[in-house]
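Residue numbers (full-length UniProt numbering), protein chains in the order written: chain P, 1 to 209; chain Z, 1 to 209.
Check the hints yourself; a few may be wrong.
Any copy, or any two copies together, can satisfy a pair, since identical chains are not distinguished.
[Unchecked claim] Straight-line Cα separation of at most 25 Å, SDA-like style, residue types lysine to any residue; simulated pairs: (1) LYS140 / ARG63; (2) LYS44 / LYS140; (3) LYS44 / GLN90; (4) LYS140 / ARG100; (5) LYS140 / ARG65; (6) LYS140 / GLY49; (7) LYS44 / ASP60; (8) LYS140 / LEU101; (9) LYS140 / ASP7; (10) LYS140 / ALA46; (11) LYS44 / ALA199; (12) LYS44 / SER159; (13) LYS140 / HIS105; (14) LYS44 / ALA56; (15) LYS44 / LEU180; (16) LYS44 / ALA124; (17) LYS44 / PRO16; (18) LYS140 / GLY181; (19) LYS44 / ALA143; (20) LYS44 / VAL81; (21) LYS44 / ARG154.
Keep in mind the hints are simulated off the structure, nothing from the lab.
There are 2 protein chains.
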Amino acid sequence: MTRRPFDLSLYLVTDPALVRGRPLEAVVAAAVDGGATLVQLRDKTADTGALIATAARLLDVLRPRGVPLVINDRVDVALAVGADGVHVGQSDMPAATVRRLLGEHAIVGLSVTREAELAAVDPAVVDYLGVGPVFATATKADAAAPLDDATIRRIVAASRLPTVGIGGIHAGNAGRPRALGLDGIAVVSAVCAAADPGAAARSLRAAFA
Amino acid sequence: MTRRPFDLSLYLVTDPALVRGRPLEAVVAAAVDGGATLVQLRDKTADTGALIATAARLLDVLRPRGVPLVINDRVDVALAVGADGVHVGQSDMPAATVRRLLGEHAIVGLSVTREAELAAVDPAVVDYLGVGPVFATATKADAAAPLDDATIRRIVAASRLPTVGIGGIHAGNAGRPRALGLDGIAVVSAVCAAADPGAAARSLRAAFA
Numbered sequence: 001m002t003r004r005p006f007d008l009s010l011y012l013v014t015d016p017a018l019v020r021g022r023p024l025e026a027v028v029a030a031a032v033d034g035g036a037t038l039v040q041l042r043d044k045t046a047d048t049g050a051l052i053a054t055a056a057r058l059l060d061v062l063r064p065r066g067v068p069l070v071i072n073d074r075v076d077v078a079l080a081v082g083a084d085g086v087h088v089g090q091s092d093m094p095a096a097t098v099r100r101l102l103g104e105h106a107i108v109g110l111s112v113t114r115e116a117e118l119a120a121v122d123p124a125v126v127d128y129l130g131v132g133p134v135f136a137t138a139t140k141a142d143a144a145a146p147l148d149d150a151t152i153r154r155i156v157a158a159s160r161l162p163t164v165g166i167g168g169i170h171a172g173n174a175g176r177p178r179a180l181g182l183d184g185i186a187v188v189s190a191v192c193a194a195a196d197p198g199a200a201a202r203s204l205r206a207a208f209a
Numbered sequence: 001m002t003r004r005p006f007d008l009s010l011y012l013v014t015d016p017a018l019v020r021g022r023p024l025e026a027v028v029a030a031a032v033d034g035g036a037t038l039v040q041l042r043d044k045t046a047d048t049g050a051l052i053a054t055a056a057r058l059l060d061v062l063r064p065r066g067v068p069l070v071i072n073d074r075v076d077v078a079l080a081v082g083a084d085g086v087h088v089g090q091s092d093m094p095a096a097t098v099r100r101l102l103g104e105h106a107i108v109g110l111s112v113t114r115e116a117e118l119a120a121v122d123p124a125v126v127d128y129l130g131v132g133p134v135f136a137t138a139t140k141a142d143a144a145a146p147l148d149d150a151t152i153r154r155i156v157a158a159s160r161l162p163t164v165g166i167g168g169i170h171a172g173n174a175g176r177p178r179a180l181g182l183d184g185i186a187v188v189s190a191v192c193a194a195a196d197p198g199a200a201a202r203s204l205r206a207a208f209a
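Here chain P stands alone, though its shape is the one from the complex:
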């Protein structure tokens, strides 16, 4: 029951609407070369065929760089391309079903936005938790209100799993998720929308370290 090793330090979540016409795989490659340690393909609007093609292009740039690719929500897309795992939210496929379909070696991540959701998390099924929003965010239209410091500390302490903070994180505020005990920071617009995604990744790594 060996799971693939992964590093949550700088977790890049893609957003096709934010890359300003640049090829997504070029933005991702630059971000990884700047220090991104894990990449999640998130696209809630693309047709399945296009999503599979995008995932395959991302694997082409991530495999040589040794950085894992997880797919948001879509186990079918992950299976089609042989991605490293899937990240689900509370309204997506149950994490136990994701684990059953992907097998023991896959990376399975789960978003928690409230302390009460921890009770249903099975550490034998889930590899890491996405915790947030850490700050207010405009990237995710349906995002909840930001969590306060005490709540994040309690989630980190209670979870027994690696945690990555998400929501409104940028190089100017990345010290707070670190101080709260999170193992990494997940970013969307701070890298995807940056004029220089590699430099943005380097700044984020430095700010969190």
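Using the hints, position chain Z against chain P.
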């Protein structure tokens, strides 16, 4: 390499927006009792968790009735609930990938809306073709213009696979798809929006037979 037997005579495609507040599984059960021979769960807007729950409820009414359930587009949902197959369009997962992920016993359907799409159809991979639109339809916002009789006849003749017509079919016009050689009729609103889905299914069966 035995595939599950299936009957395309009256193929019900679900649309959650058309059932007028009734439980989808009740509409489907009534339609099957009235003569629907195969059911496709199609819902392009639901969260994956809700889609899986709906699929499980449909299987609960379909298994005792011996009618297969195929899922539109989503191999992940089909795998999660153990549905009988998946139907894909030209922008969805490639049919060969669907077959690889679901295995030899699954039902794999593919939509064709133009004669030129037949060249890429592999009869070792695909079990049946959805052909249309047969008539103009308001149910599918992005539907193409209806195919003419000669085109449908050529697709039916060339395909070497069972075919089901779709698009604007109701009890008043179901004779034409029969005359064109199609093996069955697929309906959405003619059953889902009917005040009595069972009676609607009986009328459609009679009109096509």
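Which hint numbers does the structure go against, in order from smallest to largest?
1, 4, 5, 8, 11, 12, 13, 15, 16, 21
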